[in-house]
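S.K.: Keeping their order, the protein sequence lines are chains A and B. In this text, residue positions in the first sequence follow numbering that gives the first Met the number 0: the first is 0, and each later residue adds one. In this text, residue positions in the second sequence follow numbering that gives the first Met the number 0: the first is 0, and each later residue adds one.
Worth double-checking, as some hints may not be accurate.
Stated by the list, open to error - For each label pair, taking beta carbons as the anchor points, the in silico distance ranges come out as: (1) A:V84 x B:G101: 16 to 26 Å; (2) B:N155 x A:G93: 52 to 62 Å; (3) B:H102 x A:G438: 21 to 31 Å; (4) A:T71 x B:E12: 56 to 66 Å; (5) A:L365 x B:E12: 29 to 39 Å; (6) B:A63 x A:R319: 52 to 62 Å; (7) A:G268 x B:E68: 31 to 41 Å; (8) A:T71 x B:H102: 28 to 38 Å; (9) A:K270 x B:E68: 43 to 53 Å.
By construction, these hints were calculated from the structure, which means they are not laboratory data. Each residue gets a CB set at the ideal place from its N, CA and C atoms; glycine is no exception.
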Amino acid sequence: MPGTPLDPAAMARRAAQELFSGAVAALGPGLPRRLPSQLPASGGVWFLADGGAVGIQGPESDTNAVDADGNTVGLLSGGAFTGVVEIAGILRGGHTDLAFLQPAQVAANGDFVHWTTAATPGLFAPGPAVDMAYGSSRVVALMPHQSQQGRSNIVERCGLPVDGAGQIDIIITDVAVMTVGPAGLELLELAPGWTVDEVTAITDAPLTVSSDLKEMTFDVPVLKPPDKIYPTAVDALRDVPEGATINVDGFAGPGGMAHYLMVGLRDLGVKGLKLISNTAGVARVSGFGTPNIIDHSILVENNQVAKATASYPVSPSASRPSAFEEAYKRGETELEVVPQGTLAERLRCGGAGVAAFYTPTGAGTLLAEGKEARTIDGKEYILEMGLRADFCIIRGHKADTLGNVVYKGTSRNFNPVMATTAKITVVEVDEIVAPGQLGPEEIVTPGLYIDRIVVRPSDFSAYL
Amino acid sequence: MTSLAGKERLPREVVAMRVAKELPDGAYVNLGIGIPTLVSSFVPEGRTVFYHSESGILNCGPIAEEGEEDIDLINAGGQYLQSVGGMSFFDSAEAFAMIRGGHVDVTVLGSHQVSATGDLANWMLPQRGVGNVGGAMDLATGARGVIVAMEHTDRNGEPKIVQECTFPLTGKGCVYLIVTDLAVIECDGQGLTLKEVAPGWTPEEVQQLTGAKLTISPDVGEFEL
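Just chain A, same shape as in the assembly:
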């Protein structure tokens, strides 16, 4: 007789070895929800609950967070409640490093069946598993090797309709660890007391045995929150490459604009920037600010801007042109005008992994030219593409060290939407606080979106 299968806690500990510091991990129902209990609540990893929480921890009683099984769980100090749409965006938008799922079946080609069983044919019950699998960089199947009836859950080909095609990267069971590759399944690790032959005998798919076959271990990694705090704006933006696409926050006036980061970008002098922003710098020429307020104009005047994508690119008054309008008229910059709501939605979709969407805004106008049009329920719509960027500079009020951000009043505007869209998002805040100082219901931008934090120096002036 083979050895004893591993208990769920041991399986969870082995699965936790797949995590790394700063990882974002989605936990599906079943065994995956046991992971947080196996790790200290260090803030070194963000566990997502599809019910609408970031930063869930092990079971506790006095909390409003529930995991994928509907169990009450604890929330990390610095965790946030987000709602389900935001979680779906975190998954679909490519912000998730790992998904841990407990499929009913996994095939040698990485296909998986989630909750559908032989007893429920035709009844699809994928729950959050499909979004988790397709949205995550790496998908871990954490599951019993055999069903209760003693059939192999690892199969050559799924016998039931699949919930995800070719999605599983690694399978951790109560007897073995296998990876899914182009050539099928490779056996990497065995549970203590098990042999290759014993595992092969209960597996209904061909297994290649790794030349580096090991016994499973159960130490959990030490995970630390990444250090996101940068001393100055220049330090936080030093690696912005020439020609980068940069989201710049702000509505139009002095509020909600990362003036200090903008000065840093100007001081670095990097050229050919493509700005995505509500305006292309009008605060200096409109009624919002004063003539010497810092806005995008400092970048335009420093010959750094190759293109602006904006809804309100020029001065409200033709007789008081902005620096951008003058550069545009000289042919030095390109301009793409986008309706403000379409701009916001293009950013939201870009950040949430939606490639494009149909909107009625702009149908039949100049701005619909060259865009696919489609009539849906008798109404005309045009296809608009999601937007993403290389860098994003936003303005918050406070951040905690994990990167959670809160905003002030109407200065929120484009900031939280833009924060989701860039490879590197940098936030400028008035104050950095400890995790827990911003309440989970108060946090607007969960920390997993934020890569770098700088404090606007107290002696910094937003005026030239």
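Based on these hints, arrange chain B on the given structure of chain A.
M.R.: Coordinates of chain B only, in the frame set by chain A:
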């Protein structure tokens, strides 16, 4: 024409006052820049209207007193607002989902041109070559009702109400009511009906300054304030 050019027209405040009468009790309303901004000062006694602004605020308070300006509390026109109970803040995607999703009852916009079929052209003057669309297209398309509040003619005396817009469009067939310094005109998507004229003006005189054919309502009267 020349005799009409110098004839007295209604002040902007009266235009705003007339528009305000159109706002239903409990309505969620978005006001554009210009005359529309003035509308909030004239909402009839006993009616409550909730103002939405693209800057990400619902239930905007009155304009802030001088010296009380807060850069984190503005409307879409860049005016500083007073902090009031019941206001809420949200991001730009949410602000426009409210508009596009049909949750804003009425928007009042200024315009360069309005056509006989209710087309709106208010975001770009062709001679400038660039324009600020801002939230205008979203409002024109998404708000449940679009009222235009504007001067009847442009600064050269040319009609702003035209058979077909010659300026780039903001939205097609979206305007249902036009209030100018001369007239109140209903628009049903097919044509324009003159409902009210400014004191001292005849329907024929208004027609002379209008670039589209007006059907004169049988019960046409003076501005009702």
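S.K.: For a quick check of understanding: which of the numbered hints are violated here, in increasing order?
M.R.: 6 and 9
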